[in-house]
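*Asks:* If you want the building blocks of each chain, they are given just below.
There are 2 protein chains.
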Amino acid sequence: MERTLITHTPDKVEHKVKISGWVWTRRDHGKIVFLDVSDRSGILQVVCQGGLAEGLKPQDVVSVEGIVAARPEKLVNRDLPTGAVELQAEKIEVLAKAQELPIDMGVEKLELQLPTLLDNRALTLRHPKVKQIFKVQEAIMEGFRRAAQKLECTEVFVPTISYSSTEGGAEVFKVDYYGHQAFMTQSPQLYKQIMVPVFERVYLVSHAYRSEPSITTRHLSESIQMDCELGFVGFEELLDAVEFIGRETLTYTSQECREILESYGVEAPKIGSKVPRLKMREVQEIVAKRLGRKPSNDPDLTPEDEREICAWALEEHKSDFVTVTHYPTKKRAFYSKPDPEDPEYSLSYDLLYRGVEVLSGSQRVDDYEELSKIIKERGMNPDDFEMYLQAFKYGMPPHGGFSFGLERMTMKTLNLANIREASLFPRDMERIDIRLSKKDAI
Amino acid sequence: MERTLITHTPDKVEHKVKISGWVWTRRDHGKIVFLDVSDRSGILQVVCQGGLAEGLKPQDVVSVEGIVAARPEKLVNRDLPTGAVELQAEKIEVLAKAQELPIDMGVEKLELQLPTLLDNRALTLRHPKVKQIFKVQEAIMEGFRRAAQKLECTEVFVPTISYSSTEGGAEVFKVDYYGHQAFMTQSPQLYKQIMVPVFERVYLVSHAYRSEPSITTRHLSESIQMDCELGFVGFEELLDAVEFIGRETLTYTSQECREILESYGVEAPKIGSKVPRLKMREVQEIVAKRLGRKPSNDPDLTPEDEREICAWALEEHKSDFVTVTHYPTKKRAFYSKPDPEDPEYSLSYDLLYRGVEVLSGSQRVDDYEELSKIIKERGMNPDDFEMYLQAFKYGMPPHGGFSFGLERMTMKTLNLANIREASLFPRDMERIDIRLSKKDAI
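Protein chains in written order, with our numbering: chain A, 1 to 442; chain B, 443 to 884.
Hint data in this document are derived by calculation from the structure and do not stem from the laboratory.
Just to be clear, a hint being listed does not mean it is correct.
[To be verified] Result set (PhoX-like, lysine-lysine): computed pairs, CA atoms no more than 20 angstroms apart in a straight line:
id : chain 1 : residue 1 : chain 2 : residue 2
1  : B       : K815      : A       : K97
2  : B       : K881      : A       : K97
3  : A       : K174      : B       : K881
4  : B       : K772      : B       : K815
[Stated by the list, open to error] If you want the ones that stay clear, here's a sample from chain A, every Cβ over 10 angstroms from chain B, calculated:
id : residue
5  : I271
6  : I286
7  : P303
8  : D366
For each residue, glycine too, the CB sits at the ideal point set by N, CA and C.
Modelling step: build the complete structure from the supplied sequences, incorporating the hints.
*Replies:* Encoded structure:
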């Protein structure tokens, strides 16, 4: 018998159908057992009599044949698309038995400590509230791609094994590459710049690897980045592009995931046609004023600054975004262009979203000689950047770009407490699926 | 002055515009110099008088202001969308000078040895014939995503740093992960299977790493894979899904890239509603008959077998695809399900396209006990697969999937001689952008 998707059962009242899915919950009422069975399309109440449900437990995989019946009016569950019907089981085939579950999956929300959530990831991902996170993530990605395509960017695919570390620094994973030392890229930065003279505007999705020596709620050792790089643009156009893509991405996500946002009790992102733009030093002043202290002279924003200026943007501009520009040149990667009017600061920007930076970018250094000089000044070897510099030797226009962090966008859209919840299989210094403390060191 | 994209210049005859782009070619006719200038939208003839073009060379980046003029009827270039107009330059600003080019980029086709093509990759990618390859690649990816979405797959994002090697064997890149040994995944296989009980049907794009110790025309050390995994499907439905996605992907690509295929002199892929399906042993028999020799008893198809059966499929079935099933169980990865009717062979399949395997997949082993036993029998440690096995402990339905190689699909669609031409920055044992022979070993 052909399988019917659960979402189609309300159209098949009084017909015999076969559904396939997972036993989600079981309720025993004397001789009658009610099962909730779910598949990719929905969840359905199955009524079992005469011992048909014997031994069935949550997460067992079953095929159920039976007659779709309309429920009596007063038993209709209006919260459920299939709530007006139920399946009266005639035959149940067990396709796979589940072992005793280590956690109760039948609760409305898994109230687990993060380590337990992750230790049991292959199971906990199945919980509706958890899998919703990744439907939002899917929508963010699709929204990003559509927005980048509207900007006429070509999608490109670049490698992650590289000869040089993208940004210098020690936080790189090393790979033994046929007896040569190589690195996992910290970002696709150098490659997307090389692509500017090819397609002028490119976008790409890539993995970024950072050997972060610390544990925070907003860093991962491997994360997904959504990047754009645009040629023949100035600083203001870059900021426009950043805000355009951010707005389009989250508008698409809100539309696609309205019910999920509601079930999470979070509001749709507020991003008006004007996103407030501030220089980093202005942010420090505003934050100081709000907190009644002297302005900080730090070379970067603190997490508190980021939260506070986002609170300000929401109060003063009804905006969940705020764009911060002009970070100190020394604090940014070597390819960020110093502001010609004040080279101590760079034509760089971060996009903050609900208290956290979700995007970083800049106008780039585009002159070959200047770039070679900066690489040397930063203590790196231009030979390690041979292919990258080649692009600048042969005609590189003014350009710039930016990079969104997929997990951070997901995390803040759903107001999750920890970025690990927004990654299917998060990587950090303590875990590769299982806890590293359980394993021998090299 | 606002920039006008070159493609819009035919609508601006007798208007003053500014274009920005790269000098592509320069032709001196006495006091008049003709430049071809290109941007992401097209290429345009620029007429320069009075020394305006002095010193300008190919790959220089310029902005040109001038009047768009209709060309006299007999000088219209009908091969070019902008061929009815030209720009009479009044002012040229040089945004970036290119150094002397190491190769002539003005030819219709770069006739370079592969090492030269790749040594100068940041430059050679700009050549129209080269960049067209990556427009085809972009279309293949978009076509794949649309097809996977039609099959109701959810897009997921999985990590590439893993604790176990996906398929056993020695061909894995090792990473030092905070003092622990980790691997770059040979495929996203284990993770996509874990996702079946979450979304039932998933698709993903990932990087696959293979420390291939050999140099061939069809292997890369890092490549892009397009994967699907489907729950509640049997073998025939999997073959249907493979062929559906393959057909949809290439149909989309042919439509989007018709002009590129024409300029490459290749035919659009022929994929009818029925793709021939053969068991591996049947392929060996057909090939033996065609070549007038005894059937091979090899446990796998040779490259010659693959080419020959594709020639057969094209002759006999007018099909650029042929699906080959039932490879010996021992030759396939541990997660491939043995055929219950003849366990020496597996419910596995490859999709061959114009002489090369571009997809591999199988029905999977779905029983926890059986899978644990197979892992042990293959000399691997089930502890290394703890998270993967967890998915099978708690209710795993029958499932299967497949994986397309993006570069191979691109290569065969354009009839390229070497897979390296179908990768922006190909990785192999001899090269990470620059030749490794130029670098010290670890």
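*Asks:* Enumerate the violated hints, using their earlier numbering and listing them in ascending order.
*Replies:* Going through the list in order, the structure violates hints 2 and 8 and respects the others.
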